[in-house]
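Go by the hints and put chain B onto chain A.
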Amino acid sequence: MTKFAMPEEIREGDTHVGRRMLRVEDRSLLRGEGQFVDDVPVKKGTLHAAFLRSPHGHAEIINIDTSRAEEMPGVFAVLTGREVAEQTNPMIVGFENPIDYYGMAVDKVRYVGEPVVAVAAVDRYRAEDALDLIEVTYNVLRAAVDPVEACEPEAPLIHPRADSNCVSKRNFVHGEPDKAFAEADRTTELTIRYPRNSITPMETYAVLSEPNAETGGFDVLSNFQGPFSVHTVMALALRIRTASLRHRSPKNSGGSFGSKLVIFPYIVVLCVLARKARRPVKWIEDRLEHLSASSVAPNRVTRVEAAYGNDGIVTGLRLTHWDDHGAYLRAPMPAPIYRMHGVSTNGYDIRNLAVTNHIVMTNKCPTGAVRGFGGPQLYFAVERMMHKIATELGIDPLELMRRNMVRADQFPYKAIAGALLDSGDYLRTIDETVTEGGLDALKKRRDEARAQGKLYGIGYAACVEPSQSNMGYISTLKTGLERERAGPKDGAVASVTVSVDALGSVNVIGDSVPQGQGHQTALSQIVADQLGLDPEEIVVSLDTDTSKDGWSIAAGNYSCRFAPASASAAHQAAFRVREKMARIAATRLNVPPGDVEFSGGRIHAANNPENAIPFYRVGGLAHWSPSSLPDDVEPGIRETAMWNAPELTPTTANDEINTSLAYGFGFDFCGVEIDRDTGVVRVDHYVSAHDCGTILNPGLAEGQIRGSWASAWGATFIEEFCYDDDGTFRSGSFAEYLVPTATELPDFQIVHPTPHPSPYTRLGAKGIAEGNQYTTPVCVANAVADALGIEDVQLPLKPAKVLRWIGGAEPPPSKGIQTNAPAQRNPSAIEVSGQMEVPAPPQEVWDLLLDPDRMARLIPGCERLVKTGDDRFNGTVMLGVGPVKGRFDVNIELAELDAPRRTTLTGTADGPLGSSRGQGSFVIEDSAAGSTVAYDVSVELSGKVAAVGGRMIKGAARQLIDRFMRALVRQAGGGGQAAPARHRSGFLAWLMRLVGGGR
Amino acid sequence: MKNLSRDSRHHVTFRLNGVTVEGFSEPRMLLSDFLRHEVGATGTHVGCEHGVCGACTILIDGTASRSCLMLAVQADGAEIDTIEGLANADGSFGILQQAFHENFALQCGFCTPGILMSLSEFLQDNPDPSVDEIKVALSGNVCRCTSYHEIINACIDAAAALRTSKAEAR
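Chains as they are written, first to last, in this note's numbering: chain A, 1 to 999; chain B, 1001 to 1170.
FYI, nobody ran anything at the bench for these hints, they're computed from the structure. Check the hints yourself; a few may be wrong.
Pulled from the structure, derived: some chain B residues nowhere near chain A, Cβ distances all over 12 Å [stated by the list, open to error]:
1) L1004
2) H1011
3) R1015
4) G1018
5) T1020
6) D1061
7) A1064
8) G1077
9) A1078
10) I1115
11) P1127
12) D1128
13) K1166
14) A1167
15) R1170
Okay, the calculated beta carbon distance ranges per label pair [said to hold, decoys possible]:
16) E1133(B) - T906(A): 53 to 63 Å
17) E1133(B) - K414(A): 50 to 60 Å
18) N212(A) - S1165(B): 25 to 35 Å
19) S599(A) - A1161(B): 30 to 40 Å
20) E149(A) - S1130(B): 42 to 52 Å
21) A1161(B) - N608(A): 41 to 51 Å
22) G1062(B) - K43(A): 31 to 41 Å
All C-beta atoms, glycine included, are put in the ideal place defined by N, C-alpha and C.
Bound-form chain A, shown alone (with noise of 0.2 Å):
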């Protein structure tokens, strides 16, 4: 049935590594059986929690009354940040700061978003009612946004312990930079703006707490990732020991990415809340809270100097970091930058490296850990450096790249800031793939697609994929004084366990808790080799349980870890089983143990098949008969292997960092062609290729890089999550924040190079799940300035944008569509303007219009309208946009009272959906009909309503606007009919999205 392009069977002598073995797991998942969090049944009275959240940027809590909330029936705990911060410890990061996070909100709100009460009841259902009756008063305070204006002395502060929002900053001189960049023939700079995004794994966030009265802890089930050294600062916060956090993973994850890391903040919010409510709780996270309040990459701005020879030798490397953390940081960030720190260089051999890291908060969700972790933006700043180099000298930029790449000869390579390559051969790879991608052809075609006139361009980019992180590298952010003070940190332990049973059935537990990636089936074929059995025959358990399986800190699933450190533990461990089999059989066979084979479920003399014992007699042996073992052989059969490479050592006192264990190398090239009157890119061919080493199943291999192009397109081209300036968010829907699906994704072309095996893995395998999330951006990138002949190409791609640098004006549009744009006061304000026709004298109107009880019946949705003082007036609205629906607490105040002739009127309107703020002004004029009245109102929206309704909003404020002036004009007596409404500035935008420009 098979198309792969993959080899079916890479097999090196008759091992099951390197074979296409069929997943494990399907047969769970294929049939609905597979166990994620929600699927794990519960206790009778397990309570579902719901959080209220944020729907400002940046602004003080004044009040918060729960009072209602707590008195309904089925809530059995109402909890606010005050009451989390009173009951834990701030959650540490790695490193000194100013920050007190406690996963909710104390006394301020930093993003949309960001939790303020969660409360606890029967179901999810009662839960959100609850939520509805929390009143909470806020200050709205001036926003940052920008990562590099909130340096700036004048940006409003987000956290008051602190000096600067830029928390930390960090220098680092890597050889002599100022030396190579002063003897240069030429230098030259560029500024990068990569955006923020994540991969949105399809089942979000799941933790199910519940306090267990024998530890004075919790039992905590959830789909946190991993690493494990977050269990530390979990507990920490809750002031328990680590021993009395259970935390328990189930089976199945639905796919991570890196996002279920930062799950860790919610883990210890939802223990105090289980432990108030004397019940276990259990959340699951919906999509707008996901995508709102979760985790993303940080973005990052960057600004990278080069220095370079005429000849195109780059001598000398500057990079200057402004990573956009968000509104806290969590650990292990500000991790990305520091992880990629040792690979500055990417592939490069460049001996002077200069980098300055400004790790900035601002008032937006916070950051994690999202595949790729720090590579994109890094190699984004790199490749597209190499890029201009070789525009400004005239070379192509390919050949520019091999002048530059690290040589095989060079491997095991020392790079400038710590990494240590450990094998490779980079221009071998390159070769490999631009003869059997079809280099030449796709330049023929770009030369022909020219010459008609088309805009195409070819990008190309490297990278050095880093995989199994060093657990010190966070450390590097520290001074060498700070790092002396605080001890040691290295290694990345990985363990697995490996058992036999009384009959010969074979257990494998390991820490490698996988979230899709098929890591049973490579764990089964890895033992099975060992063992000289079929990997049918082993039953791989890879649910985790921290009070009963081996696990160290850096146990989890992330960057890369698999390949080389979770393959290499199981190697080891079954590498343990085999000797001790070995040796106990060796006694039976009357060989030495060293002369003794496993296969087929026998082990056997090497020199003699027929002397063979069955392998479950063996199993039998040990566990029925200890006393014929021999007399240095431990009963049973149960080895844990925790491995660690020891290439990962500590920071040097220069900061130098060996990053990770391996690196593989990834090379892509694409050619893009653009059209001129839409600005979309289409790729027209892309070749990926990826050196990892060995592989230990080519299907499961394949799938991780398909899965990491499919997520690199998407946040090439239309992934990214928006924020206005005032911090309020709108990318809160899959309508809005857009992810690839079938139609759109293109193929691709994979190129299997030559494999350089790792000498520092048990296996020789290195990771392979993050490749085109390095190459795919800035690949096309590349392509796209190849193609237009510009510098500053923003991600994402969309057409709007490229349509600005091809520089042609927007095409006029098409008939029918009204227009009229002034500059609006706010880019983000909904402007609403028109005038109508009443059939009644003026005088008639005003009054209707100042009459509390005549004007409930005309707005729509309007269950209560007070006046409150004078011109003052306060009600309750229920308003729907698109998918959300809900309560509003209006209040409207009327000035510039003109009877009968005008006023202005300025109101806020705020409930669990959001906020808004609006101001306008009411005319009336004598006309033939009676009156006419024209109005012309701006409202400003945030929370959740401009979160999952930004499209439909204007739409849905005519409607409104529309009902209530017919409603006005029945009111006053006549069959009038209201002027349609009209929009200004942005409506023709929204509609030219809506028809399908927005991609």
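Just chain B now, kept in the frame of chain A:
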């Protein structure tokens, strides 16, 4: 549709994969929640609850539908098919499941139930689909692990196997 009282739980019964199931539901309870938490059929997953991701897709009277956009009480009396009903009577993989298995067409498996149900309906009406037709059929299902390529291949293989099995049955 009959008038239901907001605060009471109403008896809901339907055929799920050929077996009659029943339970009680408030009028506002989503069908996806009812399936998963009242009936205990957790094979159907919930990914976005706003009808975009398609993970919760099931067949209602043979038509692929979002169970997160429907109320449980609306399904009363319906014939519902979910991933749990796709295997052969002996428990072995059905054709579509087998094709997914052999093509590595799933990774985490969270979106898979919805994709399998979308394609089940699609393949009934399109025995010999083109790649473009399959892409359109898949456009209402989001997968973040694969590149859809594997899923498209699985669908092509399943279509061919279904044609063969139908021809043999004749």
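The hints, checked one at a time:
Chain A leaves L1004(B) outside its interface by the beta-carbon criterion, the shortest separation being 15 Å against a cut-off of 12 Å. At roughly 18 Å, the least C-beta separation between H1011(B) and chain A is larger than 12 Å, which holds for a residue marked as non-interface. At roughly 17 Å, the least C-beta separation between R1015(B) and chain A is larger than 12 Å, which holds for a residue marked as non-interface. Under the 12 Å C-beta cut-off, the non-interface status given to G1018(B) relative to chain A holds; the minimum distance is some 15 Å.
Taking the minimum C-beta to C-beta distance to chain A, about 19 Å, the non-interface status of T1020(B) holds against the 12 Å cut. Every beta carbon of chain A lies more than 12 Å from that of D1061(B), the smallest distance being close to 20 Å; the non-interface claim holds. No Cβ of chain A approaches the Cβ of A1064(B) within 12 Å, the least distance being about 15 Å, so the stated non-interface status holds. For G1077(B), the shortest C-beta to C-beta distance to chain A comes to about 23 Å, beyond the 12 Å cut-off, and the non-interface label holds.
Distance check for A1078(B) against chain A: the nearest CB is about 19 Å away, which clears 12 Å, and the non-interface claim stands. Against chain A, the non-interface label of I1115(B) is violated: not every CB pair exceeds 12 Å, the least being about 10 Å. Chain A leaves P1127(B) outside its interface by the beta-carbon criterion, the shortest separation being 17 Å against a cut-off of 12 Å. Distance check on D1128(B): its Cβ is at least 16 Å (rounded) from any Cβ of chain A, clearing the 12 Å threshold; non-interface status holds.
With a least beta-carbon separation of about 18 Å from chain A, K1166(B) lies farther than 12 Å from that chain, consistent with its non-interface assignment. For A1167(B), the condition that its CB be more than 12 Å from all CB atoms of chain A holds, with the nearest at approximately 18 Å. No beta-carbon of chain A comes within 12 Å of the beta-carbon of R1170(B); the shortest separation is about 23 Å. For E1133(B) and T906(A), the hinted distance range of 53 to 63 Å is satisfied, since their beta carbons lie about 55 Å from each other.
For the pair E1133(B) and K414(A), the beta carbons lie near 54 Å from each other, so the given range of 50 to 60 Å is met. Checked against the hint of 25 to 35 Å, the C-beta distance between N212(A) and S1165(B) comes to roughly 53 Å, which is inconsistent with it. Taking 30 to 40 Å as the suggested C-beta distance range, the pair S599(A) and A1161(B) conforms, at roughly 35 Å. In this structure the supplied range 42 to 52 Å holds for E149(A) paired with S1130(B), their Cβ-Cβ distance being about 51 Å.
Range check, A1161(B) to N608(A): about 47 Å between beta-carbon atoms, so the 41 to 51 Å window is met. As the Cβ distance of G1062(B) to K43(A) is approximately 38 Å, the hint placing it in 31 to 41 Å holds.
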